[in-house]
Amino acid sequence: MSGSVLYDAPGPRAKRLDKTLNWVFSLGFVLGGAYLVYAFYQRGIFDDRWTVLWDPPKNQSAGDVWLSLAKGLGNTLRAAAIAAPIALVIGGGVAILRRGARTRMLSGPAAVVTELARGLPVLMLMFLAKLVFGWSPLWSVVFGLVIYNAAVVAEILRAGLAALPKGQREAGLSIGLSTMRTTLLIELPQGVRIMLPALVSQIVVLLKDTSLGYIVAYPELLRTIKNNRDYFGDKYLIPLFLVGAVIYILINMAVSRLATYVERRLREGGSGRGVEPPEIGPTGPIPQSGIGGPAREEGAHAGDPLFGAGRPASSTQVPVRRPGDHERH
Amino acid sequence: METFIAEFGTIWGAFLATLSLAALAGALSLIWGTVLATMRVSPVGPLRSFGTAYVEIVRNTPLTLMFFFWVFVAPSFGIVLGLGFQTAVIALTLYTSSFVCEALRSGVNSVGIGQAEAARSIGLTFSQTVSQVVLPQAWRTSIPPLISVLIALTKNTSVAAGFAFTEMIAIQQRLTNAHPSDGLFIFFGIALLYLAITIPLGVLAGTIERKVAFAR
Numbered sequence: 002m003s004g005s006v007l008y009d010a011p012g013p014r015a016k017r018l019d020k021t022l023n024w025v026f027s028l029g030f031v032l033g034g035a036y037l038v039y040a041f042y043q044r045g046i047f048d049d050r051w052t053v054l055w056d057p058p059k060n061q062s063a064g065d066v067w068l069s070l071a072k073g074l075g076n077t078l079r080a081a082a083i084a085a086p087i088a089l090v091i092g093g094g095v096a097i098l099r100r101g102a103r104t105r106m107l108s109g110p111a112a113v114v115t116e117l118a119r120g121l122p123v124l125m126l127m128f129l130a131k132l133v134f135g136w137s138p139l140w141s142v143v144f145g146l147v148i149y150n151a152a153v154v155a156e157i158l159r160a161g162l163a164a165l166p167k168g169q170r171e172a173g174l175s176i177g178l179s180t181m182r183t184t185l186l187i188e189l190p191q192g193v194r195i196m197l198p199a200l201v202s203q204i205v206v207l208l209k210d211t212s213l214g215y216i217v218a219y220p221e222l223l224r225t226i227k228n229n230r231d232y233f234g235d236k237y238l239i240p241l242f243l244v245g246a247v248i249y250i251l252i253n254m255a256v257s258r259l260a261t262y263v264e265r266r267l268r269e270g271g272s273g274r275g276v277e278p279p280e281i282g283p284t285g286p287i288p289q290s291g292i293g294g295p296a297r298e299e300g301a302h303a304g305d306p307l308f309g310a311g312r313p314a315s316s317t318q319v320p321v322r323r324p325g326d327h328e329r330h
Numbered sequence: 020m021e022t023f024i025a026e027f028g029t030i031w032g033a034f035l036a037t038l039s040l041a042a043l044a045g046a047l048s049l050i051w052g053t054v055l056a057t058m059r060v061s062p063v064g065p066l067r068s069f070g071t072a073y074v075e076i077v078r079n080t081p082l083t084l085m086f087f088f089w090v091f092v093a094p095s096f097g098i099v100l101g102l103g104f105q106t107a108v109i110a111l112t113l114y115t116s117s118f119v120c121e122a123l124r125s126g127v128n129s130v131g132i133g134q135a136e137a138a139r140s141i142g143l144t145f146s147q148t149v150s151q152v153v154l155p156q157a158w159r160t161s162i163p164p165l166i167s168v169l170i171a172l173t174k175n176t177s178v179a180a181g182f183a184f185t186e187m188i189a190i191q192q193r194l195t196n197a198h199p200s201d202g203l204f205i206f207f208g209i210a211l212l213y214l215a216i217t218i219p220l221g222v223l224a225g226t227i228e229r230k231v232a233f234a235r
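As you go down the protein sequences, you meet chains A and B in turn.
Take any residue in the first sequence, note its place counting from 1, add 1, and you have its number in my numbering.
Take any residue in the second sequence, note its place counting from 1, add 19, and you have its number in my numbering.
In case anyone wonders, no lab produced these hints; they're calculated from the structure.
Beta carbons are placed, not taken as given, at the ideal position from N, Cα and C, and that holds for glycine.
Honestly, I wouldn't trust all of these hints.
[Said to hold, decoys possible] Ranges of calculated distance between the beta carbons of each label pair, as one might list FRET restraints:
#1 B/Ser-150 - A/Val-31: 31 to 37 Å
#2 A/Val-31 - B/Leu-35: 42 to 48 Å
#3 B/Leu-43 - A/Leu-186: 47 to 53 Å
#4 A/Leu-178 - B/Pro-219: 37 to 43 Å
#5 A/Gly-94 - B/Gln-147: 52 to 58 Å
#6 A/Gln-61 - B/Gly-28: 46 to 52 Å
#7 A/Leu-259 - B/Thr-53: 50 to 56 Å
#8 B/Thr-53 - A/Leu-186: 44 to 50 Å
#9 A/Gly-12 - B/Pro-219: 28 to 34 Å
#10 B/Ile-50 - A/Gly-234: 35 to 41 Å
#11 B/Val-63 - A/Ile-176: 56 to 62 Å
#12 A/Lys-236 - B/Ser-150: 21 to 27 Å
Turn these sequences into a full structure, and let the hints guide you.
Here it is in structure tokens:
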């Protein structure tokens, strides 16, 4: 709600005020930016330090720098690529157990373990694997990511399964399928379908969490940047950091957009069978949250991807109408 | 087990460090997040663009990268923060506020347009509409997700362990290195202390959600 219904259609005075404010703030931002650039210039930010990206010192070639960064990025992606499928399988398994198991013997402990795993810092799990189990940095990172994200995936799928119309389960049971078969054959395919955007969004959280590998000495992108800085000197850190930040943000934005796209496809595909993704509020004792923050825009539909930009109109704000809109067109 | 009992003083100190970091960063990010949310729904274009750009960039930045910036990169720009607590508060605040902003904004967005139209049509002024009709409903929708954000923040304080702030994870690492055989006990002990913060918050969120529930 951008507040447009809150006041009458702007008259000449309001329009003038609007225009003035627009100019004032635009000017303010431009001046602020210019001052920053000037301040950076004064501190010598724009000197020869940027050459590290194409003509680095210490007899290194640009290829060496970029190759090391590429290796770091490869390690980041590798950790994510190993952890994501494992987390998905375990999380799916737990969700199926909680829904399909006939006895509380199985579903009770599964619920407790998911709640615990969601309530702990990922870094703590990584240190557990590294220091207590003595695993290598890569597998420590994977361990932390798998435990936490499996719990979150289980929670996402649980919410998805619970949101299906009751008739689906009843139909399965009444034709003689066991609870487990009903879950597997009838509910799971639909549940996965409506929660697909939330699952894709969770990949962003997982990707962001790989950067914790920096702390447990896994040579991922951030660690590589630090190593390069230690080698070339502190002066060259800004260009290297900027490259790393841009890589992280671009990848995460791309995955977020993918989630938006999937959501739109599901919405427009029409074969969603009219099931709206459920709201995921604080369901269990520990609401969904992670180092990447909430996986979704909470309070909104669970199917909402990380951000609103590019969302179809139906999932964004309430329609904004100004009094007098129809007269204009 | 013995290590956990023998070193409980240290662990308790670390618990308080985690708690104070979470509390201070939480309070600050609620303030800054509210400012950002106001920007994002304001009628002034440049402010809206700033808010949107800030939230989009920060939400896609790993928290570790944010810490890294304030610890290693910012000094080159002439910004030198006290290592440890000060850096951690700044990094966590800037990061968490973008999630606070989104929680608040989705709360405002969830108020139906009919509510505001009804308020307008019975003759309430702008400030009356906002304060009597829109905000009370927006708040109720926002509080549970805001508490989720605070819980995430509590867990996120662990990243400060990698950047010279001695909180619970740093202590876990130190004690486990010193007494490898007691690693599992230390892990579960510290896990309990984290849950001692997060579970009450989660229960609070559930209670508030039930209490303030209203029909739409």
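Quick check: which numbered hints come out false for this structure? Structure breaks hints 7, 9 and 12.
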